[in-house]
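Trainee: These protein sequence lines map, in sequence, to chains A and B. All residue numbers for the first sequence refer to this note's numbering, where the first residue is 1 and numbers rise by one. All residue numbers for the second sequence refer to this note's numbering, where the first residue is 1 and numbers rise by one.
Hints may contain errors.
Take a look, some chain B residues computed to stay more than 10 Å from chain A by CB distance [stated by the list, open to error]: (1) Leu17; (2) His28; (3) Phe71; (4) Gly101; (5) Asp191; (6) Glu209.
Covered, in the sense of this in silico footprint (three residues per stretch, anywhere, with C-beta under 8 Å from a C-beta of chain B), are these stretches of chain A [to be verified]: (7) 32-39; (8) 46-58; (9) 75-81.
Hints are computed from structural coordinates only; laboratory data are not their basis. Backbone N, C-alpha and C fix where the C-beta goes; we use that ideal spot for every residue, glycine too.
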Amino acid sequence: MSFKIAVVGDQDTVTGFALAGATYAHISTTKEETLVKLGEFFASDEIGLVLITHRVAEELGHDFRRMLQTKRLLPLVLRIPDKTGYAPEVDELREIIKRTVGVEITIREEGG
Amino acid sequence: MAMAIAVYPTRMELLKLRQRVGLAQRGHDLLKEKVDALVIEFFEVVRRIQEARAKALEQLSAAHRALLMCFAIMGTLETKQASKEAKRELQVEISTRHIMGIAVPTVEVGEVERNALMRGYSLRMTSSVLDEASREFERALKLLIGLAELEGSAFAIARELERTKRRVNALEYILIPRLKEALKFIVMKLDEIERENFSRLKRIKAMLEERE
Numbered sequence: 001m002s003f004k005i006a007v008v009g010d011q012d013t014v015t016g017f018a019l020a021g022a023t024y025a026h027i028s029t030t031k032e033e034t035l036v037k038l039g040e041f042f043a044s045d046e047i048g049l050v051l052i053t054h055r056v057a058e059e060l061g062h063d064f065r066r067m068l069q070t071k072r073l074l075p076l077v078l079r080i081p082d083k084t085g086y087a088p089e090v091d092e093l094r095e096i097i098k099r100t101v102g103v104e105i106t107i108r109e110e111g112g
Numbered sequence: 001m002a003m004a005i006a007v008y009p010t011r012m013e014l015l016k017l018r019q020r021v022g023l024a025q026r027g028h029d030l031l032k033e034k035v036d037a038l039v040i041e042f043f044e045v046v047r048r049i050q051e052a053r054a055k056a057l058e059q060l061s062a063a064h065r066a067l068l069m070c071f072a073i074m075g076t077l078e079t080k081q082a083s084k085e086a087k088r089e090l091q092v093e094i095s096t097r098h099i100m101g102i103a104v105p106t107v108e109v110g111e112v113e114r115n116a117l118m119r120g121y122s123l124r125m126t127s128s129v130l131d132e133a134s135r136e137f138e139r140a141l142k143l144l145i146g147l148a149e150l151e152g153s154a155f156a157i158a159r160e161l162e163r164t165k166r167r168v169n170a171l172e173y174i175l176i177p178r179l180k181e182a183l184k185f186i187v188m189k190l191d192e193i194e195r196e197n198f199s200r201l202k203r204i205k206a207m208l209e210e211r212e
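Let's have the full structure, built from the sequences with the hints guiding it.
Mentor: Take a look at the structure:
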């Protein structure tokens with residue numbers, strides 16, 4: 001199946017990905033609006049990938065996390081840094097590893 | 001201390017319980033193997049994510065730099081205008097693949113990078129820095145799509161891992177100890193009955209001998 005790509009974020013991120021060919025875009029201004037839009041994106045059968053900036057994801061907070069848990073396998077959601085390179089301190093993946101495997105891993109360069 | 005399951009101390013129950021313990025143990029072993037396999041798979045994906053993420057983020061920040069350049073040289077409004085004119089028809093192929101019964105996404109994408117003519121904005125009104133910015137963003141998008149696939153798999157595997165782990169623990173710490181406790185109870189009870197019977201027989205024998 002073919003799917004399209006959606007972007008949610010600040011003006012610059014959206015502009016950039018629109019230039020690269022992402023079909024749907026939403027410039028996040030208010031939390032409520034963004035949540036509604038995300039709901040639409042998640043419900044759509046056309047969209048296979050939603051890119052969302054870390055900053056927006058964090059603003060949405062709990063509501064966003066609940067949406068992530070209740071969504072189907074598609075669309076995939078990927079959080080990306082915005083133009084300032086902002087990414088949260090806590091790595092989501094690392095948290096999951098800690099919870100499921102019960103150990104904390106750090107990956108370092110091999111041969112060091 | 002595990003609570004014993006309420007059972008009748010009969011030989012029939014004993015046999016049934018033994019069977020159940022065997023079954024539970026076998027299930028436990030199988031699930032444990034599944035957990036191990038999943039962990040291996042999971043770490044493999046995590047390792048690939050780390051590599052892919054580093055690459056993608058680097059490309060993304062390069063893209064943002066190019067875009068800022070474009071804003072500066074061509075003007076913010078013009079750039080936004082161009083982004084609205086651009087063809088936004090990128091399609092990705094997403095299907096699911098199964099790793100040990102878990103559906104994980106596979107994403108395939110054709111060429112993301114386009115040449116300036118295919119992007120759809122007017123070449124007459126735009127500068128080459130816009131082409132530059134678009135190209136950088138297309139490259140970043142391609143890497144990010146790959147990263148999204150990996151993260152999607154990691155989340156799916158993690159979810160399954162959690163579920164399996166819970167079942168393993170339920171068997172290991174709740175069900176099997178309880179069954180064993182019940183087993184022990186029956187064996188003790190049966191032994192006790194045996195001993196009672198033995199002394200009873202002895203007593204009867206003594207009484208019979210007395211009568212003669």
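Trainee: Evaluate each hint against the coordinates.
Mentor: Results of checking the hints against the structure:
no.: 1; hint: Leu17; result: holds, 32 Å
no.: 2; hint: His28; result: holds, 18 Å
no.: 3; hint: Phe71; result: violated, 8 Å
no.: 4; hint: Gly101; result: holds, 14 Å
no.: 5; hint: Asp191; result: holds, 41 Å
no.: 6; hint: Glu209; result: holds, 68 Å
no.: 7; hint: 32-39; result: violated (count 0)
no.: 8; hint: 46-58; result: holds (count 3)
no.: 9; hint: 75-81; result: holds (count 5)
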